[in-house]
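For the sequence shown, position 220 matches number 220 in the working numbering, and the numbering has no gaps at all.
You may find that some hints are simply not true.
Within a straight-line C-alpha distance of at most 27 Å, the following computed DSSO-like cross-link-like pairs (lysine-lysine) qualify [to be verified]: (1) LYS255 / LYS99; (2) LYS315 / LYS275; (3) LYS256 / LYS246; (4) LYS205 / LYS123; (5) LYS221 / LYS210; (6) LYS256 / LYS385; (7) LYS255 / LYS244; (8) LYS275 / LYS248; (9) LYS246 / LYS260; (10) LYS249 / LYS263.
Label pairs and their calculated CB-CB ranges [as the list claims (entries may be wrong)]: (11) ALA320 / GLN182: 47 to 55 Å; (12) LEU286 / CYS389: 35 to 43 Å; (13) GLN175 / ALA120: 26 to 34 Å; (14) GLU281 / ASP159: 31 to 39 Å.
It is worth saying that the hints were derived from the structure and are not from the lab.
For glycine and all other residues, C-beta sits at the position ideal for the given N, C-alpha and C.
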Amino acid sequence: MDVITLHIGGMDFNVVAVLVTVTILGGALGFFLARRKAHKESLLQPAGPPKDYTVFLKGIQYILANDTDQAIEAFSKAVQINSETIETYVALGNLFRAKGEIDRAIRIRQSILLRDRVDAETKLQALFDMAMDYKAGGLLQRAISTFEEVISRAPKRLDAYEELESLCEATHDWQRAYELQQEMRKLSNTNNQHIMAHLRTEQAKIEIEKGNLDSAQAHLKKALSLDSHCVHASLQLGELYWLKNKKKKALEIWKKLVHKNTKWAHLVLVRLQEKDGAADEETRVLDFLEHIAEENLDAVAQMSLARCFMQRNRKEQGLASLKRSLEMEPDLGEARQLLGEILLEDGDEAGAVSEYRELLSHLGPARKRYRCQQCGLETDKILWKCPGCHDWDTVQPRKRNG
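With the hints as constraints, model all of the structure from the sequences given.
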């Protein structure tokens, strides 16, 4: 069985072992205590504990030793000795899921659901476990429909809402994910408006693809009413206004965004690198660029600003921004490469060679542009939700020496 190991504080943690152990021991503890009480209260008082009780404890010991195969064998024996022990079936199902034997796990849940003498709460948990089995097996639509059934039976079960919401995100059902976040907010009384703003923004993107620009605008306005600091929504709203030929409004939105926090300036400037327009629009863009140049930009933003200036034949301003970029971060390879290209175009081969030598001297392990503040995941692409820890808004531009 393949395992994943985390290294925390100098210690190794087998993720599969930890997850399986935590999941199973919860049910096992109930079984252990119930059987122990029944055994002590028995009028016969046998010399030793019941056989299924002993075998079950062996299964727990195997789990703690990370011996999944032996644990499955032990629990299977316990079931043969006492087929009424629901906890043993639950433990077996969880072990099968951990081993990737999804069909066997699902059959166990189904057998629990079909039993007449099983209480409603246990059946509800079996239904939840079956949804988790479907999810683990990549059967997302079945998982979604099963979690929906869990919620219909238990409208206040928060973990079902959380699992279902994550699946709706994975399948890009942004509307349902948004509705679930609303319910989760009521149940947990937590502030998740920043997440809801992202979900509205994703809905807007879908509407833009369909050509429904007014509907997209309504989603983005709602997103910013939920979280006025949502960078994702501000960037997209600017894009929308640009599409609607409201360039002045787009630039106003982006100017406010950069003014609030200059660390996101490069995302605006990269968008402007891709924009062409009429002469009057270019005048507005140049005014915007000159305004942005007065902000306290980081090295990457200065480089993007340089590209924007160069594309608009403002070579002097472009070179000034490029040099500021390299003063801040001498090992920024893209900036040094761009400077070399400019010098070559000007016929300054000696200058270009000098810059390329500098580029080579600063070559080292590539450093990712973004880093998750929560789990440390690094990426070259902006991600509004970290795929590592699954938190929103934790992936941030790296600081110069960060």
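Does the beta carbon distance between LEU286 and CYS389 stay inside 35 to 43 Å, or does it fall outside?
41 Å Cβ-Cβ, so the 35 to 43 Å window holds.
Take a look at whether the Cβ-Cβ distance between GLN175 and ALA120 falls inside 26 to 34 Å.
Given about 31 Å between the Cβ atoms, the range holds.
Do GLU281 and ASP159 keep their Cβ atoms within the hinted range of 31 to 39 Å?
violated, 51 Å
When you check the alpha-carbon spacing of LYS256 and LYS246, does it fall within 27 Å?
holds, 16 Å
Is the hinted range of 47 to 55 Å satisfied by the C-beta distance from ALA320 to GLN182?
holds, 49 Å
Given hint LYS263 paired with LYS249 - CA-CA distance at most 27 Å:
This hinted pair holds, its Cα atoms lying about 21 Å apart.
Checking one constraint from the list: CA of LYS205 to CA of LYS123, max 27 Å. Satisfied?
violated, 40 Å
Given hint LYS210 paired with LYS221 - CA-CA distance at most 27 Å:
Status holds; Cα separation ~18 Å.
Against the 27 Å threshold, does the CA-CA distance of LYS255 and LYS244 hold or violate the hint?
holds, 18 Å
Holds or violated: are the alpha carbons of LYS255 and LYS99 at most 27 Å from each other?
At roughly 52 Å apart (the allowed maximum being 27 Å), LYS99 and LYS255 break the hint.
Do the alpha carbons of LYS256 and LYS385 lie within 27 Å of each other, as the hint requires?
holds, 23 Å
LYS246 and LYS260 were given as a pair; does the straight-line alpha-carbon distance stay at or below 27 Å?
holds, 22 Å
When each numbered hint is compared with the structure, violations occur for hints 1, 4, 14.
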